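> Chains as they are written, first to last, in the UniProt record's numbering: chain A, 1 to 329; chain B, 1 to 292; chain C, 1 to 330; chain D, 1 to 322; chain E, 1 to 549.
In case anyone wonders, no lab produced these hints; they're calculated from the structure. Because the structure is a prediction, the values reported are computed rather than measured. Hints may contain errors.
To give an idea of the interface, some chain C residues facing chain B are shown, with a C-beta separation under 7 Å as derived from the structure [what the hints assert, rightly or not]:
(1) ARG95
(2) PHE102
(3) ASP104
(4) VAL122
(5) ILE125
(6) HIS126
Away from chain A, derived, C-beta distances all over 12 Å, residues of chain E [what the hints assert, rightly or not]:
(7) HIS116
(8) GLU336
(9) MET482
All C-beta atoms in this analysis are idealised placements derived from N, C-alpha and C, irrespective of residue type, glycine included.
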Amino acid sequence: MNIKFVARKILASFLTLLAITFVNFAIFRMVPGDPIRMMFKDPRVSIEDIEAMKVKYGLDKPMMGQYINYMKNLAKGELGISFWQKKPVGKVIAERIPRTLGLIGLSLFLAVVIGTILGAVAGWKGGSKTDSAIMGISMTLYSVPSFAFGILLMLAFAYHFAIFPLGGIETPASGFTGIRKIFDIARHMVLPSFSIVLWYIGQYILITRSSMKDVLSQPYIVTARAKGVRERRILTRHALRNAFLPLITITGVNIAFMTGGIIEAETVFSWPGLGRLFYDAVMKRDYPLLQGCFLVFAVAVVILNFAVDLLYTRIDPRVRINGEAVNEG
Amino acid sequence: MRVNSYKLQKAGDFWAMFFSHRMGRTGFLIFCFFIFLALFAPILRTVPPEISGSADRILTGPDGISWLGTDDLARDVWSQVIFGSRVSLIIGFVTAIITVFTGTLVGLVAGFKGGIVDEILMRIVDFFMMLPHLPLMIVLAAVMGASIWNIVIVISIVSWPSTARLVRSQVLSLKERPFVEAIRCLGANDITMMMSEILPNVFPVMFAQGVLMVTETIYAESVLSFLGLGDPTTISWGTMLHFCFESGAMARSPWWVFPPIVCIVSLIISFSFLGTAVTDILTPGYKEKMGY
Amino acid sequence: MSDNELVLKVRNLKKYFPVKQKEGKRNKKAMLRAVDGLNFDVKRGEILGFVGESGCGKSTMSRTILRLISPTGGKVYHCGEDIAAMSDEEMRKRRRSMQMIFQDPFGSINPRRSVSETIRMVLKIHKICDSRAEEDSVIRNILEEVGLTPVESYWDKFPAMMSGGQLQRVSMARVLVLKPEFIIADEPVSMLDVSVRIGILDLLLSMREKHNLSFIYITHDLATARYVCDRIAIMYMGRIVETGPTEEILGNPQHPYTKALIAAVPEPDPTREINELPLKDWTAEVGGEDSGCRFYPRCPVGIDSCLLKTPILTETAEGHKTACLSFDKL
Amino acid sequence: MSLLEVKNLCVDYEMRRGTARAVNNVNFTLEKGETLGLIGESGCGKTTAAMSILGFVTSPGRIAEGEVIFKGKNLRNFTDEQMRQLRGMSMSIVRQEAQNALNPVLTVGEQIGEVLREHGIRNKIDVEDRVDSLLEMVGISPERKKSYPFEFSGGMRQRVMIALAAIAEPELMILDEPITGLDVIVQRQLLNLLNDLKNKMNLTALLIAHDLSVIAEMCSRVAVMYGGFIVEKADVVDLYEKPLHPYSKALIESYPRIHGEKKKLVSIPGSPPHLLSPPESCLFAERCKKATEKCFRCIPEETIIDSRMVRCHLYSEEECNV
Amino acid sequence: MKKNLPILKFIAAALFIITFSTTAFAGGAQESGAAEKTRLNVAWTAGQSLDSLIIDENWQYLEMGCTLWQLCYDQLWIMGDAESGYAAQPMLATHWDVSEDKRTWTFYLRDDAVFHDGTPVTAYDVEFTFEYLPASDPAWDMVDFYYESMTVIDDYTIEITMVNPFGMPYPPMYWAPILPKHIWEPYKDNFKSYENDHMLGSGMYKIKEFKAGQYVWLEANEDYWGGAPGVDEIVFKIYGAEDTRNMAIQNGEADMVGYLGISPLTIEDFEDVEGIDVLISPDINIYWLNFNLHQKNGIQDLEVRKAIMHAVDVERIIEMALVGYGEPADSFVYKELEWYNDDITRYPYDAARAEAILDAAGYKDTDGDGVRNEKDGSGNMSYELLATADVSEEVKAATIIAEMLGDVGIDVQLKLVDTDTYYNYLYTPDEDYFDFSLSTEGPGPNGEWFWDFCRGWDNGGAGWNTAYYSSDEFDTAMDNMMASNTLEEKNMYRKEMQKIISEDIPYGIIFRKEIICPVNTAEFTGYTATMGGTSNWINPWSFLNIEAK
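Could you build all of it, start to finish, from the sequences and the hints given here?
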C-alpha cells in the first residue's frame, strides 16, 4: 500500500471533518427563534431560568468562544446534553449506532450483491430482452422513494398478510434470549431492510450496468475474446473486476446520499436506530441531539469514503503502485 | 438567412435517434403528459383544488364527480394532482437551473483556470459532497422553516457540487482537446475560449445533469414532505402524501395515497428515461452503432 | 543577415517540468528537461524541419515558441522582437503572424462549428472584416485557396462529416486567413491517409511559394521531412543533436542517433535488405541527466567522457552541425 | 490445401440510411508459412475483413455472404464454443497498439498465461515456463511478468501483445497494424522481432497495414483494398515494380522515401469514398486519372493477368452491360 | 442467457429462505413463548413516547410521561372518574382536614404503603417530595404547591400551610409523585442528575424493562396496598405513526391506544373488528382562536374579532375536520361543570352579520381586490393564522377557518409550523409572530390555573396569556375569586370572568373534540373513560381498573 497516498487521504479526511464540525456548529446557530425557549414547555419560565440555561449550554458566550468550547468538548468526546432526553448525546447515539449499522450493513450487502449481479447480467446482455427487463425494473425501483416502498411493504406484509411485524427492532417485552432473540430481530429486519434494498438495487443495477457496458467496449475485452477466453471468465475476471473500479468510486460518492434511505426506512418502520433518532430530534427540535446525529452521519460518510479509497488501492494496481488514481472517465 | 441543411440533418438525426430510443420515447411521452397536465390544469380540473367540499363527501372513493376521489377535507384529489404537477415541475426545473448554473460556473472556472483556484473550489466541492445529503436537507429545512422556495434552496445547496465536479472533469478533458489550444493559438482570449469553445461542448453534460437534478428534486421534495418538513400550504404531490400520512387514514384511502406516488414515480422515471436516452445518444459511438 | 530576414530567432530556449521520479521505493522530485537549450534561426521563406521521436520535446518547443506555455529560460525573437517581453494583449495580436497547424485534424476543429463558422470565428477574434458579406467573401477565397472546392459543398459541413485531409485543409485555411508570416506545422500529416498526405504537403509548399511563408515542420517521419524541408534539425531528449541542409543530413549523417533513425525508417522497397539497428541497447532506461550526452546509454560508439561532458553543436560541413563527442574525437 | 481461404466475403453494416458494404466480394487464400499483406487506407474494410475471419463482426455489422475456410472447414458453420477453441490456439491476433488492449488490473504474466489455461493447459509450471520463454523471445525479461501493463511503455506493451498472440504457436496470426502509432526505432525493432518470430515459428500471417513500407518488409504477397474491394493482388515485388491498378500505382508514387533520389511525388486527388450507398461503378473512378466513361458506369470484375488479380476496367475486356 | 439463470435462481432462493426462516422461527417462537401471565398491550405513537425516565417536564407535558409516573408512584389523592363527578379520591392519604381559613391542610397517610423496595412510605417522603420537586423543575412549580410551611406530625401525618387559601372543590398537593426520600436524597439539588431507571415508587406497577423509543414493560406490584392490579403486565408499545398504531390494534398486537384516541376518519376501520369496541368521550381540550392583541392591526379591534367569530361556522368545522365527533364550545369552563355560565355573549354563525359588522366598522374593500382593507386604508386585512402542522385535525380546522374568513373578505394566510416552533411563537405574542392562532389546552375539571390565560402581563400575568390580553375588570374578578373562601362565591366570580372573556374575545372559544378510543373488550374489561378518553393525565383509572376476562 502506498503510504503517501494513505497519508494524503487521511489529511484530506481530517480537514473535511474539521470543516464539518464548523458547519455543524454554524447551522444550529442559525435557528430562528430561541432554542432554549423551546426546551421549556411551560410559558411561565422566567428570564432568569432561560439565562441560566444559556449559561449551562454555553450559549451566552460570543460565537468564537462557543465554537472553541464546542471543539474542546468534542475533543473530549462530549456532544452536549440532549434537550429532550436529558442524557449525554454521545450516550444516546452510541446506543443506536449498532442497530443502524446492522440494518444498513445487511441492506447494503444484499443490494450490492443482488444489484451488481443483475447489473452485470444486464450490461453483459446489453440490448437484449433480459437487459431491457432488468433495466426497466431497476429504473422503476430507483424512482420509487424509499418511504413509499416501506409503506407498501408494510401495508402488504405487515397489515394485510401480517407475516412481519409493523415495526420496531424486536417483539416488545418478549423476554426472548439467545437464538430466539436473534431470529426475532431478523424478522423485524426483513421489511425495513427490503425497503432500503429495493431502492439501492435499482441504483446498483444502473451503475453496474453502465460501468459494465463501458468496460465491455474496451479493447482488452476484445483481446480476451481473441485469446479464446471463455465468456463466463471474461465476465468474471476481465469485465467485472474492471467494472468494480468505477462502482467503488461511485459508491464512495454516493455514501453521502445513502444516509437518506436509512432515515426513511427507520422512520417508516420505527426502527430505533440513528435515522429514527435523527428524525425524532428534528421533530422535537432537539438541537444538541440533532447536531450530534448530523456529526455522526458526516463522520461516518468521511470514514466510509476513506475506507472506499483504501479498498480502491487494494483493487486497482495502478493506485497501489503509483499512488495515483487513474481517471476512469 | 440561409437554411443550414447539415444543421437540420444533425438535429433531425438527434430526434430520430431520440425517438427510436425506446426509453427516450417513453420518457418524452410521460413528460409531455405531465407538461400538458401542468399547463392546462385550470381547464382540466373539476373544482379548485384547495376548496373543501361538503361534509358528506369526505374521503369518498373515485366517482363521477371526483374522478380520483376526495381527501379528508372533501377536496378533489384529481385537481390536487394536476395542480401538484405544476409545483413539482416548477421546483424541479428551478432547482435544476440553479444547480446546473452554479455547478457549471464553478466547474468551468475551476477546470479552466486550474491551479490554486481549482484547488480551492474543488476542496469546497469535495466538502459539500461529503456532507450527508438528506440529513443536511432535513436539518436545513427544519432550521429554515417549511416553504417551497426553502426546499429549492436546500436541494440546490446539496446538489450543485456533483454538477461542478462533472463539468470540471469535462472541462479538463476539453481543455486538452486540440481545438481549444488551436483557438488559443489563433488569438482568442480566455473568455472566448470558455464561452464559445468549451461551454457549448459541456452542454450535453449540463443537460444530463439538469435532468438528474429534476428527478432528485422531485424525490427530495416528496421525502421532505413525507417527513413533515415540506410546505403544508402549497399543494404538491409531496404535501398530498404528507396530509395523507398525517390523517391516519392512509390504509383506507388508496385513491388518495396512490395518485401522488404514481405521479412522483412516473415523472422521475420519465426523466430518468430522458436522461438515459440523451446520454446514450451522446455517447461516442452510439450514432455509428445505430447506423446514422 | 538582418533581423528582418530572420523570422524567428531562438536562443538557449529551455522548458523544464517538475516530475515525480521513482528512486527505489520513494518518489523523488525531479525536473524533466523537455527542452534544454535550443538555438536556431528561421529565415523568411524557409522550411525548417524538426525530426525526433515522441517525447523528444518537439511539441513542447513549438508551444514554448508560441508562448502557449512560458519558457523556463531563453529567448524567442519574432522579427527581432522578444515575445516574452510582450503583454498578453500584444501577444494575442502578434499571434496573427505566428500560427500553428496541429497534428490531429479531427480534434483541432471544434466539432460544433461548421467549416464557414470555424473560419468566421477567427475573423471575429481579430476583427478582420467589417461586414458579414466581407467575411463571406474572405472565407470563400481562402477555401478556394486551400482547395476545398466547390466551396458551397463545404460551407456548412461539420467536422464529423469530413475526412482528415479535408479537415487539415480547413485548419490550414483558418490559419492562412490571418496572413501569418510564420507557421509551425506540428506533424500535420501523420494522422492522415497515405494517399492524401502529399496533397497537404504540396499545399504547404505552394503556400510558401505564394506568400513567402516560413515554416517549422515538426515530424517523426524523415521521409516527409525530406519532401518539404530546406533544413532539418534532429532532436533527441530536448536537445538538437544534428542540424543542416536536408539532403546533407540524410546523405551524410554524422550523429549515431541520426544514423539509427535513418536506418530504422522502413522503405517501401521489397528488394532492400533489412539490417540491424546501429544501437547499443534501446530498452535501457534513460533519464534526463544534467550533464553528459543524453544518448550515451544507447550509443554504440559512446566513450567514458560522454558521461561527463555535454556535447555542443559543432560545424562539420557548410551549415551542417553535430553535437557528439565521438565526432569531436574523430 | 490452403490454410485459410476467404471466398466472396461480404460484410454489411446496416445503417439507418442504407446498407454500407464494408467488405465486398473479398477473395484471398493464405498458404501455410506465407505472409499476406492487406493494404489500404482507413475505412477500406481491411480490419473488418480480418475480424470476420476471427468471427468478430459485431452489430450493426454482419457477414452477408461468403465463406471463411480454415483448414478445410467453413468457420461460418462453427458454434461459438468451437470458435473460442480456435481463437488463441489456432489463430491469434495482434491489434494496433491501443492504450487499453491489455487488461489494466491483471499482471502481464497472468494475461499471457491465460491463453494456455483457457485452452486446457492447466499445469502451472508448464504455463509459467512457456510464459517465461515467450517473454524472453519478445525481448522482455521474464521477471517483469509480475508487472502491470501500465508499467510498460507502448513498445513494450506491443511486445507483450505479440507474446500473447504467439504463446500457443498458432497456425494463423493476424497482425492488424502492429506497429502503427509507435516511434520509428521501436517500429523497426518490432518489425525485426516479427520477422524473427515468423521465421522461428514458421508462422502464417495476415498483415494489415496502411503503409507500403511495412508490407514490403514482411510480406511475400500483397492485396490492395479500396472501398471494400480487393483491387489488386500480387507478389510484393511485382506490385512494387509494376503496379497494375491505378490506385496501387498512385499509392506507390505518393509515398515519400528517404533513400535514393528525391522525386516529385504525386498526390491522389479527392478523398476515399463513403461506403454508404456507393455508386454502381468503380469506386476509385472519381480519383482516377485514367478513368474512362465505362469506369463511371459499372463495377469492374476481377481480372487475372499474369497470375495477378486486378479489378479494373483498364484490363477487362468485357463490355459493361448497364 | 442460460448460463446466468442459476444466479437468478440463487438470488430467488436466498430471498425465499431469508423470508421463510425468519418468519417461521421467530413467528412460531412468539406464539409458543407467550406467558400464562395476563398482559395488556397499549399502543402509543412515537410523538407521545418517553425517551428517558429522568424526572423532567416530560412527566408533565408528555402523555406517556404522566401515565407512567401515575402508575409507578402514588399521589396523596387523585381526581375521580366521570362517575364520581371528578371528586377527589384518597390514595396515599386516606383522608385530610382543612382549617377554617382554608390554608392549613392536614393529610393522614395510610400506614400499609411501601415502596417497591420494601421501604414504608412515610410523611417524610411526602415532605421531601414537596420540598424539592417543585424546586427541581419549573414544570412542577405550580399553584398547587405554593405552601408556606410543612410540618411532619408523625410518620403518617403531615400538616401543610398554604400561601393562599385553597380549596373548593379540591385539596392542594394534587398531581405529584411521592418520591422515596432515601433514594432521592443525594440528588435533591438536581433531580435531573438521577437516571431513575426503575421509577422506584409505591405505585401499583413496577418497571420491568424500559427501552427508549421501543417499549416500556410494566409488571404488577403484588404488594400494592390496594391489592394486586387486574392484569399482571402492561406493555406500552411505541409505533412510528398513527396508521401503524391503528393497524396494531386491528391485528391484535395492541389492546388499547394510549392517548388522544384515533382519528375520526378511521373509526369505520374498527367497527367491524371482532372484540374491539370503540369508546367515545368528550375531550379534555378546548379549541379557540387566540387573538394576538399585541398586533397593531384590525385584530385589536373588538368589532373585527366579533365579525370573525360570526364568520366562523363551528358546525362545519366539526363536520369537516372532526367528521362530526365534536361539539361547539363557548367557554373555558366545560358545560357539564357547575360553574359554567350559561349567560355569556355568543356569536352564532352568520356570515352576513359578520360582513355587516365589518362594513359598519369601516373595513371595506377599497381597492376592489376582493379582500377588505384595514380601517385606515393601510393595506389588506390579511392575517396570519398560526397552527401546528403536526396535528391533522388542527390543520384541517385552520384550513376551513381560513376559507370561511375568506368568504367575508378577510384574507388568511396559514402559518403551519411544528409544535415546538408553534409554542415558541405562541408564548411570545409580543414578538408578533402571528395575528391569531388556533390553540388548544385542557383546563381539566380543576381549572383554577386556566385563568392565568387572561391575567394581564402587567398585572402578574404573562406566561399563559398568549393573547396579550389585559383587563382590569378581569384581573379584579380573578383576584376576588382567588381570595374567596366559599364555593358559591368562587363560582360567582368564575361566571363573571367567563362573561368578561366572552365580551372582550381575547380568546374566541369554538369547539371541543370527542376522543375515540378503540379497546379490546374481548379479553379485558374495566376500561374507564373520563373526559379525554380512556387514558390521560387526569385519568389513570383504566389501568387501575382493567381486569383480564
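> Could you run down the list of hints and mark each one as holding or not?
Verification of the supplied hints:
The interface hint given for ARG95/C holds, since its Cβ lies 4 Å from the closest Cβ of chain B, which is under the 7 Å cut-off. Evaluation of the PHE102/C hint against chain B yields a held restraint, the C-beta minimum of about 5 Å falling below 7 Å. The beta carbon of ASP104/C is positioned within 7 Å of a beta carbon in chain B (closest approach about 5 Å), and the interface hint is therefore held. Interface restraint check for VAL122/C: the shortest CB-CB distance to chain B comes to about 5 Å, inside 7 Å, so the restraint holds.
The restraint placing ILE125/C at the interface with chain B holds, with a minimum CB-CB distance near 5 Å, inside the 7 Å limit. At about 6 Å, the closest approach between the beta carbon of HIS126/C and any beta carbon in chain B falls short of 7 Å, and the interface hint on this residue holds. Annotated as non-interface, HIS116/E keeps its C-beta farther than 12 Å from every C-beta of chain A; the closest such distance is 18 Å. Even its closest Cβ contact with chain A, about 27 Å, leaves GLU336/E beyond 12 Å, as expected for a residue assigned away from the interface.
Separation of MET482/E from chain A is adequate, the least Cβ-Cβ distance of about 16 Å exceeding the 12 Å criterion.
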